[in-house]
Amino acid sequence: MLWAALSLSLGYNATLVTLGASLLGAAAGMAGTFLYLRKNALISDAISHATLPGLGFAFLVAFGFGIDGRQLLILLSGSALSAALGLYFVNWLTRETRLTQDTAIGCVLSVFFAFGVVLLTIIQVIPAGRKAGLESFLLGSTAGMLYSDALLILILSIITALVLFVFLRPIKLVVFDQGYSETLGISVRRVDFIILMVTLAVTVLGMKIVGLILIVALLIIPAVSARFWSERTNIILVTATLFGALSGYIGSAISAVSPGLPTGPIIVLCCFGLFLFSFLFAPKRGVLAVALDHYRFQKAVHLTQGLLSMAAAQPIYEPKTQRLLRRLGYIRADGVATETGKSLAAKTLLNEKRWSYWQEILKESDQLDGQAVFNLMDIETKLTPDQIKSIDQGLALKQGERM
Amino acid sequence: MGSEFVALGLTPVLISAFAGMACALPGNFLVLRKQALIGDAISHVVLPGIVVAYLLTGQVSTWPMMLGAAGAAVISVVLIEMIRRLGRIEYGAAMGVIFTTMFAAGVLLLEQSDTSRVHLDVEHALFGNLETLIWLQSDGWGSLLDPLSLAQLPPQFFRMVIAFFVISAFTYIFWRPLVLISFDEAYARTIGTQATVIGFLLVVLAAMAAVAAFDAVGSIIVIAMILCPPATARLLTNDIKTQVFLSLILALGATLIGYVAAGYLPLWLGYSNTLSAAGMIATVSGLLLAFSAIYGRHRKRVI
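Line by line, the protein sequences are chains C and Y.
When we follow our numbering, the leftmost residue of the first sequence carries the number 1, and every step to the right adds one.
When we follow our numbering, the leftmost residue of the second sequence carries the number 404, and every step to the right adds one.
Hints may be right or wrong, so weigh each one.
Said to hold, decoys possible - Subject to a maximum C-alpha distance of 30 Å in a straight line, what follows is the list of computed DSS-like cross-link-like pairs (lysine-lysine): (1) K39(C) x K437(Y); (2) K437(Y) x K342(C); (3) K382(C) x K320(C).
No wet-lab data here; the hints were simulated from the structure.
Based on the provided sequences and hints, a complete structural model is requested.
Written out as structure tokens, the structure is:
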């Protein structure tokens, strides 16, 4: 069953929904990356909760005009309008009062959502409202989705992705270097506005599939996960887009074969699975890579210190250093240095002397920046033979002076 | 409207009033410390905590659920901190990852398990069930002096009152360090304040308010009451003491106006159904905030 859903052979509707969810995930991954890199991730929380009153209001207005309020386009338009209003209030509160942005976000999301709940209690009284199933927008539901709805979401997702693609260049510039993009004449405000509008579109489109409470996850988690894999905007962007699409694809496929479960939470847990994988296993920034780096560094420090003590014929007390040296065969069990140990100790001492001389030279000419740990590296792999030659001459001269 | 109000209206009003004040009190410091969205995160993760507690004990009873919810709140705070430090992710994004995932897990657990015979669902968690907290044993205002019928008050009432007094006592005892870490954490540290400990206790207290209030009034009202009354008060005064008292009064005012508006406004307009009281209370608190954002004496940033 799951395989049938994954290979898009579970009927026309399920296929459309799966494609729509993947595209939506891709668009969310992209928009989310920009939000995250602009340090604005949680504004999506305000946008998504602020859709609820619009949803209820659109239904009521449509009902008042005698139109079937369940028409998806009507509901989505209402949601988009109230989300835009919520967004405007967040910006207004942050700009015009002394409240910070996080407070403004929290106030707007809770008050808008609460007012939406009030409207829902009105709708539930209307006989048509009771079976409207507006609750399915809270957690998302693709079960029993109409063909026209799936098609609408698919088309609008394609348009959103296209808009993002058209503005990709200026957005990337602003995210990467705000000052530079300003000198090129790109309006940062306008770019921020485009990012927020695309976020809004993704949120509104995602309401039916992921649900308005959890669409935030699709905007934040892929971007955060992608950040682990690279330092380059381009690669982060592509990774986040892939992660978002993959989550939407797998999540909606699983949901297609288990119709009793809401779709949103499944997609979110798929996102989290990818996050967890990135968090643990990503090279360089992942937790395991960082721990391994730390272990290697610790080992190098112990080894260098131990060999330096051996070269100076000082006793070694540190148990970890002793263990390390013994295991590598540099000292015998009784603590006496072996032949390889002796030669390596001498080499380490020379390395250390050369580095400290080099460091002095750098310090005298004011080129030393920061507290780089030089003596853990082999100087012959870092400097040219000419430089080492001059260091050795300098060291010999120094020794001559002392004698 | 004597005895009918005491039986049907009095307890919901009192419970939501205490809930609002218990949430607003720690909210004052969270708003100043730029941790406003902690309340949002906590009220989302309460759901999985309650579901897990239900699955473990097999019944909907007060203490296991409170413990489950509190445990989930603490776990989420620890996880957010872990992701932030180990993964070098900024705070807001780390929070977004954890609370959405935990909420999603809670919803799935709830849908998978058989909860049809107990009153436990997602909408209940979001909207609360204020309207069902009635005091049928009462017999007019005189019941307030009758210990036998007082004992029949809904358990949520006692829980909320206790939570409010614990939070008030904490705020009173730790007033000085709380104010210090809210305005200038670096300075607080130099004069020997345990800023990390106090900051963590503050979050735990907010979690306690959220957990105690959540069952009765739902999580929307929790987020609204943690943030809106303190934010409103902040735009009205420069003095932290005045701000805290104002926020309590505003929380109380929003509760009363909101409850009356939800219960009686439709009746006066000629409709027979009432509106969601929790939703209306939060909406009123938002209107109060809008009012002070336009007219508040100290609404502007001091440059």
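Hint by hint, here is what the structure shows:
Between K39(C) and K437(Y) the alpha-carbon distance is near 15 Å, which keeps this suggested pair within the 30 Å criterion. Restraint check for K437(Y) and K342(C): not satisfied, since their Cα atoms lie roughly 58 Å apart, outside the 30 Å limit. Among the hinted pairs, K382(C) with K320(C) is consistent with the structure: their alpha-carbon atoms are about 28 Å apart, no more than 30 Å.
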